[in-house]
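Keeping their order, the protein sequence lines are chains A and B. Per this note's numbering, residue 1 is the first one in the first sequence, and the count goes up by one each step. Per this note's numbering, residue 1 is the first one in the second sequence, and the count goes up by one each step.
Take these hints with a grain of salt, some might be off.
Copies of the same chain look alike in the list, so a pair counts if it works inside one copy or between any two.
Calculated pairs, DSS-like style, for lysine-lysine (alpha carbon to alpha carbon, straight line, at most 30 Å) [stated by the list, open to error]: (1) K175 x K400; (2) K400 x K103; (3) K401 x K34; (4) K17 x K346.
Since the hints were made in silico from the structure, they are not lab data.
There are 2 protein chains.
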Amino acid sequence: MDISEVWEALAEKDGGKIVYVILDGLGGLPNSEKGGTELQVAATPNLDRLAQESSCGTLEMVGPGITPGSGPGHLALFGYDPIRYNLGRGILSALGIDFQLQKGDVAARINFATLDQEGNVMDRRAGRIDTETNQRLCKKVKDALDHGTEEELFLETVSEHRALLVLRGAELGGKIKDTDPQQTGAPPLEPEPLDDDSRQTADMVRSFIRQTRETLSDEEQANMVLLRGFDQYHPFPSLKQRFGLKGVCIAEYPMYRGVCRLLGMEVPPPPEGIESSFDALNSLYGQDYDFYFLHVKKTDSTGEDGDFDGKVQVIQSVDRLMPGVANLARDVLVVSADHSTPSLMKSHSWHPVPVILRAPFCRFDQVASFDEISCSQGILGIRPGMHLMGLALAHAGRLKKYGA
Amino acid sequence: MDISEVWEALAEKDGGKIVYVILDGLGGLPNSEKGGTELQVAATPNLDRLAQESSCGTLEMVGPGITPGSGPGHLALFGYDPIRYNLGRGILSALGIDFQLQKGDVAARINFATLDQEGNVMDRRAGRIDTETNQRLCKKVKDALDHGTEEELFLETVSEHRALLVLRGAELGGKIKDTDPQQTGAPPLEPEPLDDDSRQTADMVRSFIRQTRETLSDEEQANMVLLRGFDQYHPFPSLKQRFGLKGVCIAEYPMYRGVCRLLGMEVPPPPEGIESSFDALNSLYGQDYDFYFLHVKKTDSTGEDGDFDGKVQVIQSVDRLMPGVANLARDVLVVSADHSTPSLMKSHSWHPVPVILRAPFCRFDQVASFDEISCSQGILGIRPGMHLMGLALAHAGRLKKYGA
């Protein structure tokens, strides 16, 4: 029994509102030239003031040393054990473009890619072709395709070089190896089945790849597809079912919107930019939701680009918007991240993320500044990311007493 | 395998004595008018000195965000995973009045209550009738009762409005919903069975309630009974069996004495008041026990009453008695709590409790004051409540090395 099942059993229907402000990839690493981590260097008077009124700590999202993808990072924040509730990238891609998955569907993320004359990968993103080219290629592949089985096959444009493959049928399995070699100069890999149930599905994928390669052989840039993140779709219990929370998602990017949809949250049309996201929170707060998820993407994308100063700027933009949220979210306000993306590493990392939780019945600690190092001295200690939801529910008065 | 099973496997027969001084509901919340938590505001020179000689930390008794009842909080302190070893209120009530439960018995806590003319609950405690009235009512109900089955039924006075129902028989089940609606102005609920095995037992309970309501219909205050905390009794392995500890309980209140009895501890007659409890520890210490549990109730009851100053006073009373214990308990001395009861909340809460552990081979940290915030900086970190027993056993030299 994981601890979140205890919260499920104790969850009440009513209670305070919970607001999560999640800065994607917020955690960083100290850059000696800059004098600290992105969060330490950024001027964040409002987040610092909030830290002083909050319980502080750090979250290890999936486990020690484990670098979370966006799916697991967010599932943990929402109280879903990311080891138990595992989402392949294919499922996330499908959710992100609003593809209506059915139970048992197998999905995979596709990259259009460029092979050289030896058949080795030259460009894993086919020069980042534009979305219209992607649409043309998907149609071309589908029109030429003869998959010769009962199963349905969907090939959908996501954006730029990204597309989605979905197989639907009775006898499918989702345990198949990636074909993306994750490097250039090497050939694509075979879609090996990882269990017996996936053998037939792997054959279908192999046939799909062979035919697609033939169809695309006259293309200059996108003459191949690389597949990864195969997974079979099994719907998760919703936040409402589990914790009694009617949630709403304020996020610009498809993947995060998709995860929220998977958990039964309402997902209104995307805001445009950080300020618009905070405006949306402001106008939704009076409505009948229990849980508000506000997602800021740019802390992650600047981190991925290795843009230390850019990430500092994004953090400061968020800080300037915090007084409004702090005035609004008087019940439970959380500021944290789904994982670290240090600009020094230009990638997601395993380093814990700082968290602050402010609520009427929270204990204050002596943390006076919102950053990775200060928060590590906080009263919440270092803990698994999924613990956050239990703490948020408790502080919102949404958990009954356990036992007599 | 939970970690306490490893301690079981490693436990030695001999070793130092372990003393737990448990201040019920000790953990608090900062009260801005008073300048801190109850523990921060209380003058505790002796506990502070002890903290300086101890390893300090905080304990999350059941899990993040989970508010422990008294049973789970104490089971955790004694090294029993409170999720796995779950005790209903009925069982605790029975243990508390020394009712000799047999394996398979189903017990429930009863409140005498007052219904209005529409049949809605007017007073969930029947004006807190006195214990003699309770005894008269129990006899009246039993004399009139015709339960028409093979099973035995026991109805026992606890105190004031509180009583105990125990059913004994071959075909019983303990998964039955509370009939206490936990509010006034609503009718009592039906004792719904929560699994098939409890269907027949629920019918017996329904018949008992119907007859009792008839019998009590001429009473002015206590004209109804409300039942909650149904549970079936399965004895737990004792502290002696698990960890080789011969334990003794110094506690005034029935429920805590009951938990100790359940775990095979000896339970001498109750002391009267805090000073008498510490005197009892003093005179028992020379005897042949390995584990001493001293329980102080009033930190919890003042917290439940919202009496910040009263709770401070109780803490100070305990502090004055600490030098004696500190001189006595030279092997392992623990001061901690079973859960928080912040006087701001007037109820149990999920907030972690401070803990200090002093032993000849303990590491000191820089914690100089015994309170929730200072101890959160301690060397033990924040950890599950049940970890305490493993640390106590180790510091008492009672755990063999693991592996070669």
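Against the structure, the hints:
1. When the C-alpha separation of K175 and K400 is checked against a cutoff of 30 Å, the pair qualifies only between copies, where the shortest distance is 18 Å, while the shortest distance within a copy is 40 Å.
2. For a Cα distance limit of 30 Å, the shortest separation of K400 from K103 across copies, 29 Å, qualifies, whereas the shortest one inside one copy, 33 Å, does not.
3. Proximity of K401 to K34 under the C-alpha cut-off of 30 Å is restricted to the inter-copy arrangement: shortest distance 27 Å between copies versus 48 Å within a copy.
4. When the C-alpha separation of K17 and K346 is checked against a cutoff of 30 Å, the pair qualifies only between copies, where the shortest distance is 22 Å, while the shortest distance within a copy is 35 Å.
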